[in-house]
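Protein chains in written order, with this note's numbering: chain A, 3 to 558; chain B, 544 to 1017.
Please keep in mind that the hints were generated in silico from the structure rather than gathered at the bench.
Where hints are given, some of them may not hold.
As the list claims (entries may be wrong) - Straight line, CA to CA, 25 Å or less: simulated SDA-like cross-link-like pairs of lysine to any residue: (1) B:K707 / A:R311; (2) A:K326 / B:E727; (3) B:K984 / A:T234; (4) A:K354 / B:K985; (5) B:K985 / A:W321; (6) B:K707 / A:A286; (7) B:K992 / A:W321; (8) B:K985 / A:R187; (9) B:K828 / B:D813; (10) B:K982 / A:I74; (11) A:K374 / B:L987; (12) A:K324 / B:G907; (13) A:K377 / B:L988; (14) A:K326 / B:K707; (15) B:K707 / A:V287; (16) B:K982 / A:P322; (17) B:K985 / A:A309; (18) B:K776 / A:K374; (19) B:K781 / A:T234; (20) A:K320 / B:G907; (21) B:K992 / A:A231; (22) B:K707 / A:K377; (23) B:K984 / A:S347; (24) A:K378 / A:S499; (25) B:K707 / A:A309; (26) B:K862 / B:G849; (27) B:K802 / A:Q225; (28) A:K324 / B:K984; (29) B:K984 / A:A309.
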Amino acid sequence: MPARASRPFLALLLTLLLIGPAPVSPAERPHAPPFYAIRNARIVPVSGPVIENGTIVLANGLITALGANVAIPPEAWVIDGKGLTVYPGLIDALTNLGLQAAAPAAATAVTTIEQALEQARRQPISQGPEDRPGTTPWESAADNLKLDDKRLESWRKAGFTAVVSAPDRGIFPGQAALIHTAGERANELVVKTPVALRMNLAPVGGFFSFPGSLMGVLSYIQQVFLDTARYTQAWATYEASARGLERPNYDRTLEPIRQAVANRWPVLIPATWAKEIHRALALAVQAGVNPILYGAHQGYEVADVLAARNVPVLVSLKWPEKDKDADPEAEEPLRVLRFRDRAPSTPAVLAKAGVKFAFYSDGIANPADILKNAKKAVDAGLAADAALRALTLSAAEIYGVADRLGSLEPGKIANLVVADGDLFAEKTKVKMVFIDGRKYEVREPSRPTEPPTVNLTGKWTITVNTPQGPQESTADLKMAEDGTLSGTLTGPRGTASLTTGWVSGNKFSFTVSIPMGPRTLDATYTGSVEGNKMTGTVSLGPMSVDFTGTRPQEEN
Amino acid sequence: MKRNHPNTGGTGLWPVLFIVFLAFGPPARAAHAQNPTVTVIQNATILTVTQGTIEKGSILIRDGKIAAVGRSVRVPAGATVIDATRHFVSPGIIDCHSHIAVDGGVNEGSIAVSSMVGIEEVIDPADIDIYRDLAGGVTSANVLHGSANPIGGKNAVIKLRWGKDAKGLLFAGAPPGIKFALGENPKRSNFQPPPGFPRRYPNTRMGVMDVIRQAFSEAREYRKRWQDYNRRKTAGEKNLIPPARDLKLEPLVEILEGKRLVHAHCYRADEILQLIRLAEEFGFKVATFQHVLEGYKVAKEIAAHGAGASTFSDWWAYKVEAYDAIPYNAALMTQKGVVVSINSDSAEEARHLNQEAAKTMKFGGLSETEALKLVTLNPAKQLRIDNRVGSIEVGKDADLVIWDKHPLSVYAVAQKVLIDGQVYFDRQKDIAQRAAIEKEKKALLEKEKPKKEEKKPEEKKPSATTQSPAEVQP
């Protein structure tokens, strides 16, 4: 019977009508962001003067008004901003956030020569430029985003509402996208794609696979751009009069590079030392592309060249440090010592020369360290507002999205970070961020409410009883009156800042993020304190081991 | 800024001078010292190499070139005068085989023909070896790709202008070159790939020649493709798509056309003859045989081909193909009419090439001038830059070394080294700056230490090594 058969069909139709193809207008999205108004707040628009006691209104995911005297629409959810400062959402100008699966890092970590060889064996051997080694320019960050990358959340909590994310393996790893750090689905994160084509200059081969040297990489890149020019010309000739002409082959490697050249996509080129900056500039001229240089630690020496060439720069906030595995007895040359000393002065020198620059995290594991390291640039002479600009509007300008991001202006995307003080001050906490006008509160993880009965402030020598034997590290802790812990943990592999920490009664807990290969792992230390001794367990993923700690000094 | 010559200072000129002063500010003294347009070296024993030795002579340098050489040279007003009493002046040393100042590897060893790569793109102007070799009197160097491939990468001829950027080091006008290699290195005799990786072809000397022959056959075809295309284009044919440009083959076409110099690493007599035959078959010339330790066995053939030979003084037996070397090699080849140079192939050896050259006086009985030529005029000839450097003659670049003793003496130490008339190394300045450098290093290390609440009394530790002022520069 037809009537019977039509029943489920009708139900389906009804469902389709109710939930089906949603209108595109953001106002009518199923989860449209509500109206917000933050009032009585200090507002730092970056693009204009600070409003000491103002109101900012967000609607439909956009900023609609801000100022000292702004009418609050009746439908707005009002937030009292007393004691709070509102900034544009921060932008990390180059990362690989969202591009790594949440697989445990230990499985892929390469620590021995055998493992490195094994990894090399699995890769195809390239016997020349025609094998297109390390060349995947079709890879698009926007198309490969994975929301289970925990760093999206940790960056957001630190005030970063957007990042530029790019594939990072190979000579032409792929296309960068500007993405938000929050969203329901991967495609909602994407603000603009592609924003740049990324290039690396590290050899991908070795003595058995091309290219195994820097000059090999440079000549390879030159060959690829020559091939692209011919590919472009061949297709243009064919398209102009196909009849009677041999059809050129489609080439998935050259096609995105052809687009990059034709559409003037910026090309990200690494350059840390002055000589590398000269080299990268020459490469860009040779290839006929618009460069964005990244790294730039020795930019203090060549700021005038960069200014004259009007080339934008991404300054890595991972300031150079002495190699942890370096021979402690070896004498370092003065130019290396000077490099480490002067690298943080690069932003100030670039600013003075009029070079456009933004900051990027460059593998910093704990996002709290990004602002801390930006502060080092301020200590080395950069104006604080210029540092803020390098984390907001300048990044947006460099990537061509300043019409929608980077400052607090009516009509721009409602990306905000709200903090309880100056962003660069050590004690400031991010209270909430807004992304596309949606509010994300930054809450301290739940913890016991009992006030502390012990004071953990001081330097602790911590001994972790690992299966490989005891391992020592130093925790330099600071405890606030309410028991909140901050500070650093220094182990054989480096220093990490505490991401969270608390003391309650004589119990405590603190967490650090430890870089493990390309990923980071959280290590949480939990235990109790008696005088100058602590005992407890440290948990690292599924593992947990015991530790003890002592505080040798005269602290109480 | 323009230099104000003192001899323009007549009273009538004072108002003019005053205006100049106002317009340009006071003359920048530091800039003058660094960039003198006129310099005179006086009272020196001048080893010209081409025109004998001049006792108590002077050299006038104007705008980086030698303007006059002789017993009596008039000192122009305002010239910077360097007194070289009891000192010797020689042409700057030219190292015809160097691997200094290269970033990211000197070998693209992954493939048998790596002619697409070039040293010029990876010059590291901050490599301290530049300064150290400069302090040994080296003013120019032929920076070569390594010897892992039958046909290696393109070279870069540089001047050791310490402190300049990569571009500023290049010897403008020096003809381009390329590295070839024969024997054990390109056939990978002494380099086993790790398990799991295939051996690279070639594995024999026959294979090495096959690779070179194959490459030049491809290059001929490539040249023909382009010639055909250009012909059809000139004939007005429409909708032509040009052949693909190939960075590997372009330098080989340049060799065929005599526009690029071949510097061939080699050891054994047989492989030297092999390459001469192959080159003559394809109609090009080998500019230099490098190392060429058995060159004395085939010196006549090398001379007949018109190639130069760039060898070691007395370095041998470090591998099988180096067993038949003799220290008379340079002298014997010279006597057979080969243009011979002695090279370093090592940043350390380059610091005493003058001594390496002197050894040929003992082994083979070369004269002082002949010995000195091995590291000055002859390498200049081999690199086709002898119209610019290699001897002390009017019109040549003022690339000069002032020595405290005769440079062929083991006691000779370079005091000042000039390139293009500018002092790039000054031993007295170097010594004077060492203490300041140590102090700055100490301060920077102190600054890096994590700050402690309570400062421990500083330990005074004398520094074990001294740092040269070169460390100051990039």
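Against the structure, the hints come out as follows:
1. B:K707 / A:R311: 19 Å, holds
2. A:K326 / B:E727: Given pair A:K326, B:E727 is violated - Cα atoms ~39 Å apart, limit 25 Å.
3. B:K984 / A:T234: 54 Å, violated
4. A:K354 / B:K985: Distance ~29 Å between A:K354 and B:K985 Cα, so the pair is violated.
5. B:K985 / A:W321: Roughly 20 Å separates the two Cα atoms, so the pair holds.
6. B:K707 / A:A286: Holds, because 21 Å separates the two Cα atoms, which is no more than 25 Å.
7. B:K992 / A:W321: 15 Å, holds
8. B:K985 / A:R187: Given that 25 Å is the threshold and the Cα spacing comes to 54 Å, the pair is violated.
9. B:K828 / B:D813: Within the cut-off at roughly 17 Å; holds.
10. B:K982 / A:I74: Between B:K982 and A:I74 the Cα gap is close to 63 Å, so the pair fails against 25 Å, i.e. violated.
11. A:K374 / B:L987: This hinted pair holds, its Cα atoms lying about 21 Å apart.
12. A:K324 / B:G907: 52 Å, violated
13. A:K377 / B:L988: OK: A:K377 and B:L988 at ~21 Å, within 25 Å.
14. A:K326 / B:K707: With Cα atoms ~32 Å apart, A:K326 and B:K707 exceed 25 Å; violated.
15. B:K707 / A:V287: 21 Å, holds
16. B:K982 / A:P322: Judged against 25 Å, a Cα distance of about 22 Å means the pair holds.
17. B:K985 / A:A309: 34 Å, violated
18. B:K776 / A:K374: 62 Å, violated
19. B:K781 / A:T234: Roughly 17 Å separates the two Cα atoms, so the pair holds.
20. A:K320 / B:G907: 59 Å, violated
21. B:K992 / A:A231: 52 Å, violated
22. B:K707 / A:K377: 33 Å, violated
23. B:K984 / A:S347: Given that 25 Å is the threshold and the Cα spacing comes to 18 Å, the pair holds.
24. A:K378 / A:S499: Roughly 15 Å separates the two Cα atoms, so the pair holds.
25. B:K707 / A:A309: 20 Å, holds
26. B:K862 / B:G849: Given pair B:K862, B:G849 is violated - Cα atoms ~28 Å apart, limit 25 Å.
27. B:K802 / A:Q225: At roughly 21 Å apart (the allowed maximum being 25 Å), A:Q225 and B:K802 satisfy the hint.
28. A:K324 / B:K984: 14 Å, holds
29. B:K984 / A:A309: This hinted pair is violated, its Cα atoms lying about 31 Å apart.
When each numbered hint is compared with the structure, violations occur for hints 2, 3, 4, 8, 10, 12, 14, 17, 18, 20, 21, 22, 26 and 29.
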